[in-house]
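Visitor: These are the residues of each chain, in order.
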Amino acid sequence: MVSSVKQRGTSSLDLWIRSARLFSGLFLSLFVLTHLANLALGLVSLEAIDAWRGILMAPWRSGAGSLILALAAFIHASIGLYTISKRRSLTLSRVDVVQIILGVLTPPLLITHVLTLRVTSLFVPEFDASYAVILSVYWSLAPAYAFQQLFVVMIVWVHAAIGFYSWIALRPVWPRIRNIVLPILFLVPILALLGFVEAGKEVLYRLENDAAWLDHIRAAQHLYSQAAPTLNAINTNVVASYWILVSIAFLSWAVRIYVGRSRPVRVFYEGDATATGRSGLSLLEISLTSGIPHAHICQGRGRCGTCRVDILRGGQNLTPPTDQEIKTLSQLHVTDTTRLACQARLLQGEVAIARILPAYADISAAQTPEEWEPKDSPSKIDDTLPAPVSSPLQEVTP
Amino acid sequence: MTLALLHRLSEQAHEIGASFGAAPQEWEAVRTAFSAAMMSGDGVRSFTYILLLMMIGAGLEWFYWTYSYASLRVLLNTEPSSPRQSLLFGLRRFWITGFGLLLFAVAAIGSTSAFVWPPGVHDMVVTLTLTLVMFRFIVIVADIVLSPGTPQLRLVPLPDRTAFTSMAAVALFAAVGSVAWFVPALITRIAGTPNLAQALRIGLGTLIAVALLLACLFTRRNREDVLAGRRRGLLPKFPRSLASATVITVVYALWLFGYSAAAVILGALAIVIAVQASLRSVVFYFWRDKILPEEPPHDGRESEEHHDSVQQDLAPSIILPAVRLFVALIGIGVCALAVDVPLTALATSESPLARFSFRLLGVAALALLANVAWITVRTTIDYRLSTIDKVDEHEQPGPGARLLTLLPILRTTAATVITVMLVLSGLWTLGLEITPLLAGAGVVGLAFGFGAQSLVQDVITGIFYLAEDTFRVGEYIESGTSTKGTVERLTLRTVALRHHNGPLHFVPYGTLGTVRNTSRDWVIEKFNLPLPIEVDSEKVRKLIKRVGEEMLNDAELGPLIQQPLKGKLYRVEPGIKIFRCNFRTAPGNQFTVRAAAYKRIEVAMNAAGITYAGNLPLTRTLDPAGP
Ligand code: HEM
Ligand code: FES
Numbered sequence: 001m002v003s004s005v006k007q008r009g010t011s012s013l014d015l016w017i018r019s020a021r022l023f024s025g026l027f028l029s030l031f032v033l034t035h036l037a038n039l040a041l042g043l044v045s046l047e048a049i050d051a052w053r054g055i056l057m058a059p060w061r062s063g064a065g066s067l068i069l070a071l072a073a074f075i076h077a078s079i080g081l082y083t084i085s086k087r088r089s090l091t092l093s094r095v096d097v098v099q100i101i102l103g104v105l106t107p108p109l110l111i112t113h114v115l116t117l118r119v120t121s122l123f124v125p126e127f128d129a130s131y132a133v134i135l136s137v138y139w140s141l142a143p144a145y146a147f148q149q150l151f152v153v154m155i156v157w158v159h160a161a162i163g164f165y166s167w168i169a170l171r172p173v174w175p176r177i178r179n180i181v182l183p184i185l186f187l188v189p190i191l192a193l194l195g196f197v198e199a200g201k202e203v204l205y206r207l208e209n210d211a212a213w214l215d216h217i218r219a220a221q222h223l224y225s226q227a228a229p230t231l232n233a234i235n236t237n238v239v240a241s242y243w244i245l246v247s248i249a250f251l252s253w254a255v256r257i258y259v260g261r262s263r264p265v266r267v268f269y270e271g272d273a274t275a276t277g278r279s280g281l282s283l284l285e286i287s288l289t290s291g292i293p294h295a296h297i298c299q300g301r302g303r304c305g306t307c308r309v310d311i312l313r314g315g316q317n318l319t320p321p322t323d324q325e326i327k328t329l330s331q332l333h334v335t336d337t338t339r340l341a342c343q344a345r346l347l348q349g350e351v352a353i354a355r356i357l358p359a360y361a362d363i364s365a366a367q368t369p370e371e372w373e374p375k376d377s378p379s380k381i382d383d384t385l386p387a388p389v390s391s392p393l394q395e396v397t398p
Numbered sequence: 001m002t003l004a005l006l007h008r009l010s011e012q013a014h015e016i017g018a019s020f021g022a023a024p025q026e027w028e029a030v031r032t033a034f035s036a037a038m039m040s041g042d043g044v045r046s047f048t049y050i051l052l053l054m055m056i057g058a059g060l061e062w063f064y065w066t067y068s069y070a071s072l073r074v075l076l077n078t079e080p081s082s083p084r085q086s087l088l089f090g091l092r093r094f095w096i097t098g099f100g101l102l103l104f105a106v107a108a109i110g111s112t113s114a115f116v117w118p119p120g121v122h123d124m125v126v127t128l129t130l131t132l133v134m135f136r137f138i139v140i141v142a143d144i145v146l147s148p149g150t151p152q153l154r155l156v157p158l159p160d161r162t163a164f165t166s167m168a169a170v171a172l173f174a175a176v177g178s179v180a181w182f183v184p185a186l187i188t189r190i191a192g193t194p195n196l197a198q199a200l201r202i203g204l205g206t207l208i209a210v211a212l213l214l215a216c217l218f219t220r221r222n223r224e225d226v227l228a229g230r231r232r233g234l235l236p237k238f239p240r241s242l243a244s245a246t247v248i249t250v251v252y253a254l255w256l257f258g259y260s261a262a263a264v265i266l267g268a269l270a271i272v273i274a275v276q277a278s279l280r281s282v283v284f285y286f287w288r289d290k291i292l293p294e295e296p297p298h299d300g301r302e303s304e305e306h307h308d309s310v311q312q313d314l315a316p317s318i319i320l321p322a323v324r325l326f327v328a329l330i331g332i333g334v335c336a337l338a339v340d341v342p343l344t345a346l347a348t349s350e351s352p353l354a355r356f357s358f359r360l361l362g363v364a365a366l367a368l369l370a371n372v373a374w375i376t377v378r379t380t381i382d383y384r385l386s387t388i389d390k391v392d393e394h395e396q397p398g399p400g401a402r403l404l405t406l407l408p409i410l411r412t413t414a415a416t417v418i419t420v421m422l423v424l425s426g427l428w429t430l431g432l433e434i435t436p437l438l439a440g441a442g443v444v445g446l447a448f449g450f451g452a453q454s455l456v457q458d459v460i461t462g463i464f465y466l467a468e469d470t471f472r473v474g475e476y477i478e479s480g481t482s483t484k485g486t487v488e489r490l491t492l493r494t495v496a497l498r499h500h501n502g503p504l505h506f507v508p509y510g511t512l513g514t515v516r517n518t519s520r521d522w523v524i525e526k527f528n529l530p531l532p533i534e535v536d537s538e539k540v541r542k543l544i545k546r547v548g549e550e551m552l553n554d555a556e557l558g559p560l561i562q563q564p565l566k567g568k569l570y571r572v573e574p575g576i577k578i579f580r581c582n583f584r585t586a587p588g589n590q591f592t593v594r595a596a597a598y599k600r601i602e603v604a605m606n607a608a609g610i611t612y613a614g615n616l617p618l619t620r621t622l623d624p625a626g627p
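Residue numbers (the working numbering), protein chains in the order written: chain P, 1 to 398; chain X, 1 to 627.
Calculated directly from the structure, the hints in this document are not laboratory data.
Keep in mind that the hints are not guaranteed to be accurate.
Using C-beta positions, here's what the derived DEER-type ranges look like [what the hints assert, rightly or not]:
1. X:106 / P:183: 12 to 20 Å
2. P:94 / X:274: 46 to 54 Å
3. P:183 / X:249: 49 to 57 Å
4. P:94 / X:215: 22 to 30 Å
5. P:43 / X:106: 37 to 45 Å
6. P:94 / X:12: 45 to 53 Å
7. X:157 / P:276: 53 to 61 Å
8. P:96 / X:30: 33 to 41 Å
9. P:86 / X:215: 35 to 43 Å
10. P:272 / X:249: 32 to 40 Å
11. X:106 / P:96: 25 to 33 Å
12. X:271 / P:180: 49 to 57 Å
13. P:327 / X:215: 48 to 56 Å
Ideal Cβ placement from N, Cα and C applies to all residues, glycine included.
Turn these sequences into a full structure, and let the hints steer you where they fit.
Guide: Now the structure itself:
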């Protein structure tokens, strides 16, 4: 009982942590969105960028805005690393891998940019990080930074888009807004990069032909070089500590895999399949590592409910439901014996389960769980197809 | 000759050495030029454009996947009901994933034209994108064939682990291969450094050759296996891995020393041979559920079953030669590409040898085609024949009897037609003028026509007899010339009739005339019952009718009877009443039924106290005044 209450405690924290990651991520995305929209104005003219900068970027440049932004970045990155360190197995979908790699790469790539534009003015108050100056740096003075920055724009946008998509696509509203939102997801970075190129052309032209402009840039460059040593030092320290944290997170992941290795547990599925896993893995993780088809639209984040199973026996060997699980299950009107396979972890012994949705359940199964029936079931796609695998494949039992 | 060859080899080796010697400097020059170009506005612009391309291509593909991934997921999570269906699944997976790749390629490469590139960059970007596309294509195909994660969809008989390692190996080969295919040419084009390109080409080629060799030798069956197989009664097979290693080495050496065309031809030849050798097992692999493994059967029953199941599906036997033909044609095509002489040029080439070899190729293709056609016809006909039950002489000929007569004739005809057509078109392909031949054949045909009028008549009437279904094998017929008997055999010209006394008549169709077929539909059998004049006609009629009903209800006789036995007074003669009985059966059954009817009537009459009319009435007639 005591341990169960304790479980409850940590799982509430878990729920809180997840929404913190989500909302900090969304908040950061909003910032990136305005930033890129601002850049896209380069398609109009260089002046337009800097003119709109006052409006679009102003909220983020105010003291409160900066603080919240920094906090969001900090929270998001920390939680990201924290969830990496809490992973228990190598079951990763392709999307997970992309998310983790891109997420982890972002801070070291982004830090120079942030330091230059936000921190320089702390040391050299006259320095104004206008688009004109930065674009001159990128296009002429130090193109190496441009590559880094372009790269990071892509990384961040893909990471944010995937994160956003995998959250919103489970919502019932998604089918209605997808045709507006998806094009925006594509167009924003494309327009931003096009704006970047057009503004760059203009900058190069001015650097050639406009002496006053050149002087202006040189002055800014000079101001920056005063702060450069300090900034570089900060940069080195931050990046070094960051990599240490990243290593700790991945080490912890490795240790968890290593430790759980020696305590085997077994899962029996409806049909005849059996799978063996390590103690502490979720039922979904055991299915996936054993090659047993198991629907998991939200990649095991406990949001979609497609992984739900009926516990036939051995329920006492599972961890009690987390708050996330209770929340998701309560929207599904299910029986008491139903659990989310991605949340219920098998601590010891054996458990017998029956998967409720077929492995090919798609996103609509999460959006409208009540109405969902396997409408794409193979028998409707093609009469010659056999019955869908609701019972698992025989040969995959290890 | 040999000396010249050796000289050429050493020259080539020299050249290769030289290009490796010059490559580092060229590389250095290219590198500096490249980084200088990158660290400028042009460089930044190109990089941005490249990112844009990738975003447009990948974005579009992703968009496509948000729609179509659901179908792919269904395919990946469904157990195919037969090996053929897994092939079908593989095809569908190919369309679904392939279309994504196509979208990516078209979007990325198409949008390059929307940008203004610094000189040389456009070419580079397109080529590199093509490299990427080629790599992904190979990986997609390999993923479908090997299906490392989904064993139920795997198209080759491999265990999980091997599938994974093969997949990794293929991906590696695909990467190196795509780079080797596109990049050296690109380097020559935009950097103008032939030595560097040459060095890269040879380096990558060597890498691939070495890797292939290693793969060959690793997968070699070791001595132990061979010995174990020997003990189980399997003869050691030809050491394929060594052979393929040799072929790889030779191909590599040919390529290295500049005989690329020869290398490609040899390689293609080796691959075609290898594929042809394994094609049978590959094609039959997809029918493995229909065809029992080819193990020696233990007893008769099993062998019969075996036979049946082989007959069950004739698709593989038809598909196999078709695939063989296809593979051979592809091989020919590749060789033709390798010698880089367009086929049309070969056809009109000055050298008679080239022309002749081209025509020989044509004949070979024709022969293969004819082979496919023949096998298709033959297997189909044999299959149909084997599904028809053999006609039993004592049984009513089934509906298959007609096919049984027609199909063999059809088969012979098809063989003749295919052979004649093959010979004629083969001659024509070889450049022989066949018009006179045809004309001659026409004249000869005419002569034959006159000379063999009755022969022609026989053949043509025969076709009509068969087409009109006048008689079938197993039926009893009487011809206009009053030969009669059971139809035993039908040939192109005659029908063989077995008389019930034994002799076999061969009647040409032409003289068959009116045919009286006594084996069709039904016969009415009649017989007389002479009874004494005193009997009550009505009573007898009822008695016979009752017997008829009993027979109809009899388990054995009932099914044979179409209309039950009835009898009525037919004639009255002095002292006797003659009752005529009749019933209807299918042809051939009347004798059995009649015998049974006699027996039963007699029993019934005995019970009713009626006897047949004896000699009495006759004497009476002779001597009316007698006692
Ligand atoms: C600072 C470095 C960053 C790190 C280390 C990081 C790490 C992560 C991780 C590990 C996840 C969860 C992925 C998963 O569990 O599969 C995630 C999700 C997400 N990230 Fe980031 N991220 C970073 C920056 C950003 C930025 C700059 C944005 C916005 C532009 C962003 C937006 C998102 C969003 C919207 C999600 C989805 C939230 C959710 O599913 O809960 N991230 N991030
Ligand atoms: S996988 Fe989505 S709730 Fe478990």
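Visitor: All the hints need checking, so say for each whether the structure fits it.
Guide: Structure-based check of each hint:
no.	hint	result
1	X:106 / P:183: 12 to 20 Å	holds (19 Å)
2	P:94 / X:274: 46 to 54 Å	violated (35 Å)
3	P:183 / X:249: 49 to 57 Å	holds (55 Å)
4	P:94 / X:215: 22 to 30 Å	holds (28 Å)
5	P:43 / X:106: 37 to 45 Å	violated (25 Å)
6	P:94 / X:12: 45 to 53 Å	holds (46 Å)
7	X:157 / P:276: 53 to 61 Å	violated (26 Å)
8	P:96 / X:30: 33 to 41 Å	holds (39 Å)
9	P:86 / X:215: 35 to 43 Å	holds (41 Å)
10	P:272 / X:249: 32 to 40 Å	violated (50 Å)
11	X:106 / P:96: 25 to 33 Å	holds (29 Å)
12	X:271 / P:180: 49 to 57 Å	holds (52 Å)
13	P:327 / X:215: 48 to 56 Å	holds (53 Å)
This entry does not satisfy hints 2, 5, 7 and 10, going by the numbered hints stated previously.
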